[in-house]
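Since the structure of chain A is provided, determine the placement of chain B on it from the hints.
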Amino acid sequence: MAGLARRLAPAAALGGLALIVVGVADPALAGHTETTATGGTATLATGPQAAGGTSGAAPAPAAQAPQSPPQAQAEPQTQSDSGQSTTTGQAPASCDNGQAVTGPSVDTRWGPVQVAGTVVDGKLCEAHAVVWPTGDGRSIEINNFAIPQLDAQAAHGAQLVDGVSGATYTSQGYYDSLQQLLDSL
Amino acid sequence: MGAMSIIGAPRSASTTRPTTGPAPRPTTTTPTPEASDMREPQRVIRRLPRPRPSRVLTTDLLAVGGFVVLVTLGLWLRHGGLGLLLSGGTDTLSAIGQVSGLIAALAAFGGLLLTSRPRFMERRYGQDQLVALHRWFGIVTVVTVVIHAVTDTWAWGATTGGTIITGLVDLLANEAWMVAALVSTVLFVTVGLTSWRRIRQFIPYETWYFVHLTGYLAVLLGFGHQLTLGTDIATDRLALWWWCGLAIVVTGVIVYSRIGDLLRSFTRSFFVSAISREANGIGSIHVSGPGLAHLRVAGGQYFNMRALTRHLWWQTHPFSVSAAPTTMGLRFTVKELGEDSTRLLQMQPGTRLLLEGPYGVFTADQAKGAPVVLVAGGVGIAPIRAVLEDCGPHQAPVVIVRVRDEDDVAHRIELERLVASRNGSLHILTGPRHWFTRHDPFAASTLRAWIPDIATRHVFVCGPASLESAVLTGMRKAGVPSANIHHERFGV
Numbered sequence: 001m002a003g004l005a006r007r008l009a010p011a012a013a014l015g016g017l018a019l020i021v022v023g024v025a026d027p028a029l030a031g032h033t034e035t036t037a038t039g040g041t042a043t044l045a046t047g048p049q050a051a052g053g054t055s056g057a058a059p060a061p062a063a064q065a066p067q068s069p070p071q072a073q074a075e076p077q078t079q080s081d082s083g084q085s086t087t088t089g090q091a092p093a094s095c096d097n098g099q100a101v102t103g104p105s106v107d108t109r110w111g112p113v114q115v116a117g118t119v120v121d122g123k124l125c126e127a128h129a130v131v132w133p134t135g136d137g138r139s140i141e142i143n144n145f146a147i148p149q150l151d152a153q154a155a156h157g158a159q160l161v162d163g164v165s166g167a168t169y170t171s172q173g174y175y176d177s178l179q180q181l182l183d184s185l
Numbered sequence: 186m187g188a189m190s191i192i193g194a195p196r197s198a199s200t201t202r203p204t205t206g207p208a209p210r211p212t213t214t215t216p217t218p219e220a221s222d223m224r225e226p227q228r229v230i231r232r233l234p235r236p237r238p239s240r241v242l243t244t245d246l247l248a249v250g251g252f253v254v255l256v257t258l259g260l261w262l263r264h265g266g267l268g269l270l271l272s273g274g275t276d277t278l279s280a281i282g283q284v285s286g287l288i289a290a291l292a293a294f295g296g297l298l299l300t301s302r303p304r305f306m307e308r309r310y311g312q313d314q315l316v317a318l319h320r321w322f323g324i325v326t327v328v329t330v331v332i333h334a335v336t337d338t339w340a341w342g343a344t345t346g347g348t349i350i351t352g353l354v355d356l357l358a359n360e361a362w363m364v365a366a367l368v369s370t371v372l373f374v375t376v377g378l379t380s381w382r383r384i385r386q387f388i389p390y391e392t393w394y395f396v397h398l399t400g401y402l403a404v405l406l407g408f409g410h411q412l413t414l415g416t417d418i419a420t421d422r423l424a425l426w427w428w429c430g431l432a433i434v435v436t437g438v439i440v441y442s443r444i445g446d447l448l449r450s451f452t453r454s455f456f457v458s459a460i461s462r463e464a465n466g467i468g469s470i471h472v473s474g475p476g477l478a479h480l481r482v483a484g485g486q487y488f489n490m491r492a493l494t495r496h497l498w499w500q501t502h503p504f505s506v507s508a509a510p511t512t513m514g515l516r517f518t519v520k521e522l523g524e525d526s527t528r529l530l531q532m533q534p535g536t537r538l539l540l541e542g543p544y545g546v547f548t549a550d551q552a553k554g555a556p557v558v559l560v561a562g563g564v565g566i567a568p569i570r571a572v573l574e575d576c577g578p579h580q581a582p583v584v585i586v587r588v589r590d591e592d593d594v595a596h597r598i599e600l601e602r603l604v605a606s607r608n609g610s611l612h613i614l615t616g617p618r619h620w621f622t623r624h625d626p627f628a629a630s631t632l633r634a635w636i637p638d639i640a641t642r643h644v645f646v647c648g649p650a651s652l653e654s655a656v657l658t659g660m661r662k663a664g665v666p667s668a669n670i671h672h673e674r675f676g677v
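Protein sequence lines correspond, in order, to chains A and B. Counted from 1, the first sequence has number 9 at position 9 by our numbering; the numbering is strictly sequential. Counted from 1, the second sequence has number 254 at position 69 by our numbering; the numbering is strictly sequential.
These are computed hints drawn from the structure, not numbers from a lab. One thing to keep in mind: the hints can contain errors.
What the hints assert, rightly or not - Here are a few chain B residues that sit away from chain A, every Cβ distance over 12 Å (derived from the structure): (1) Asp-245; (2) Val-253; (3) Arg-309; (4) Ser-442; (5) Ser-461; (6) Thr-511; (7) Arg-528; (8) Gly-577; (9) Asn-669.
Said to hold, decoys possible - Each pair of labels, with its calculated beta carbon distance range: (10) Gln-180(A) with Trp-321(B): 51 to 61 Å; (11) Arg-6(A) with Arg-304(B): 26 to 36 Å; (12) Leu-262(B) with Ala-13(A): 24 to 34 Å.
Don't be surprised by glycine CBs; every beta carbon is placed ideally from N, CA and C.
One chain only, chain B, in its complex shape:
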């Protein structure tokens, strides 16, 4: 995710060579190994079909979530949890420990589900929203795990006539899966702390990601003591089946979605067909291959790209489709952010790629045909460019591009052509950041004067967080309903 964030990007000297031509396809087409595999030469360039919408409703998910919470609460009551809670002293402490432990377990399962990007949820909310929710589930998990550990150890110590320390020693020495539970707590806290924004900004993305994966281990190690020591479960067969059932369902969804997405990406074959330079430090990766035949994708969606080269195979990068996807191929527009994305822009044509996805709901159909304002910052131009292509003339798109200077505008000629054919207009805001702090172009009054029908428009924003928040605030004040503002967040 981090690969697309834009702030503080190194500027590298490069030639500006915008792609031109009627269709957004590779400017230089290199023969790729699969060309001979095609049954017939494709003369007609067709658009790839769009993804099918999810049929799952928010109310469905809330109903399932509510059911799970109610059953869990019911089992706790069935075991006399309320009496324990109200009886005061150590028992109350013990009951608080039980409740926080149950919340932690449910939140951990929920967090795992959200981040496994199950298709039925991803299609409706988009991965970025699921990740944002995953963040909250994660915070709840870590906090309640710590509360649970402290209160229950304290209660255990007090019941045996000691302190929290003797309780801890006793638990670790005598009770099955308690060392595992302590280790799990440590892992949860580590995963939580490394995801805290203030700490996370100092950690390279992959380092953070691999540490984050130990969260699976944390859930696994924490599950054992739940079965052997959890009052709610160890002594009640119904509760045992309930929790084992939940674990099985969550595991199933993870295997199907998360691991399945990875495995499915192996079955679809894609190759780099060309690399082109677009602007200062921005380039495009053109992709084609037989895998296109099975793809449903809309402009503005993104894929997690894994390049199968010696140095890059172990990392994935989320890249947005920057042009309408066709049977000729996909185009990803990428910013050079560091060593790895620079290497990606130096790939040889023919390099095999694994694409997981498409993900995201940052697509033109969100506007339901209403007029739109499209705001892009830096390389955020990639999905904006693709959304613009999917807009019709009746949507009169107003495109606003915020860049440091004009050399930073990628796909400028394409933007001009697309805007002209759609009754729209293109505005490029250049200049150093401090200039804008004094003359905010996204102040509500400015926006209303600039775009009189702003309140009736749908707004799409993609760019650095600072730009995004400026636009969100300004647009809301200018009367655009929050539901009509669509933004793609990169990174957690």
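If we strip away everything but chain A, and leave its shape as in the complex, we get:
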């Protein structure tokens, strides 16, 4: 048994140390906030507020129109109909004759993110990104994927933006810009 202890010791020390270091220092395990911009209070009014709805937090069905992948340039600020519908039996929202608004540009480590939207009756009707990081190939690669998802999440108008895994910083910037846009209304 002494033989076992002697020969197991180096491996046990190595493996134990490895687990302790990971457990203490890794952001994934050490309780750092990561990946998602959760806990947001910003809510997006989906057209007319749902009658009797408590806070507009009732999840709307995912009936939004799929959006085409964004081009590398900023899109026009007025986005046409986002095909939003609600479950409350109200008339479908239309953002056609709303007022275009723009959120502040939020700097992230990979570059600025800016969200624009359309306001109808003093409420935000839809939102979409107009600026996102395109400074390097990897960012382009990631954001080509992430921006449509974030726009889709914003279009849901429910719990707002959950973020896209793998695009942490863009998600955070998107969330911040949108939050400030809503705050300014």
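Here is chain B on its own, set in the frame of chain A:
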């Protein structure tokens, strides 16, 4: 594995008592606890059945491997990897990091598969060849992991306007599973370095083995950042499922083969029935028990033996079957190499053993009935002796045994009897090693003069690495095709 290597073995004084008798069975039979469990007394000694051959072909494995590589490459291309690679500067660096990371992940999975000794592969190639291939997969893994870590950290630092150092600090502080990835890199490098022959020779086998097991931890810790940060995976559900699928398959094979072999060894009950002395520092462990009833084994194969005693239960030793396995039992011939193998030769009859296996393809059927030359060095006599027993008279086996002096020949009388009944001949080469450096008995010309039909024969070699390489070189030069030379490597 190390237990069977022969070079530098301590010589201990012991009496030579070769086993005699018509059948290779225990010379002293001690009643074992399971004797009463047998349904009927076994009067007829029958040979145990041989293992079933694997139905998996090399082309099958290459097809699966090629498919996995192509899909992985395809996913990388789908994510714009080629554009990234060709765009120059930091992006190219980033793409190199991606590719090396993907290669590292695949090689790590492949390495784990090879060393989990799945039966369908082991039966065809033998554990020693799988381990040799595992070594290459391991080298590729460690090298590409280091390339991946350096290039991607560098690219990360450069993109954020800093250096590789700021990139590293930033990754560790802000990105999920990156500390784990760094730890994984350290573990991979440690596992790689301790397996480097120049370093490994200074490390006791079990110490090395336990450190090597942390390779599993390295793969596990490295997998996390692949899912959260890997551009290829984090943003693509298809890639996510692909990699999770690969991980599940690899885990499944490891659980079934590796852990399964261990668990299955618990279900087969074996006991030491006798211990006998064979030659200088060489002894035999005779094994019997109810477990024999479920065993398929051929002469020349080996088992990983775990003796359930207070001091030895935590280590396994690969021991070759040194006689045709029968319903009476198995015989393992063992060299005293150190404290532990000496203890094994002092086990009391009745000691419970766990046997994992059989492994290896060092069996007589490899010769497909052709005439053979069998070369043994030291305790390499064990599998050679068993292969010889499985040869027929038409194979006219020429047996060459290389030992320091005649007292070192184990099973000499058995060898003489077996050779005589098979139209063969036995040659014992004794003398100090330096004598042979001047008169190489395995020079091609010597071999051709000695064995005129050498080129048509199959050759089996088992012994120290120096003997093995001398024989391999000589035989190839004498015209024996490489495919007809069979050798069992002990140790990595």
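Results for each hint:
1. Asp-245: Non-interface label on Asp-245(B) holds, nearest chain A Cβ at 35 Å vs cutoff 12 Å.
2. Val-253: The claim holds: Val-253(B) sits with its nearest Cβ about 23 Å from chain A, beyond 12 Å.
3. Arg-309: 32 Å, holds
4. Ser-442: Given that every Cβ of chain A is farther than 12 Å from that of Ser-442(B), nearest at about 22 Å, it holds.
5. Ser-461: Answer for Ser-461(B): holds, closest chain A Cβ roughly 26 Å.
6. Thr-511: Thr-511(B) is indeed farther than 12 Å from all Cβ atoms of chain A, at 34 Å.
7. Arg-528: Not fine: 10 Å to the nearest Cβ puts Arg-528(B) too close to chain A.
8. Gly-577: Non-interface label stands for Gly-577(B): nearest chain A Cβ at 45 Å, farther than 12 Å.
9. Asn-669: Label holds. Min Cβ-Cβ 40 Å, cutoff 12 Å.
10. Gln-180(A) with Trp-321(B): 51 to 61 Å: 56 Å, holds
11. Arg-6(A) with Arg-304(B): 26 to 36 Å: 34 Å, holds
12. Leu-262(B) with Ala-13(A): 24 to 34 Å: Given a distance of about 43 Å, which is not inside 24 to 34 Å, the answer is violated.
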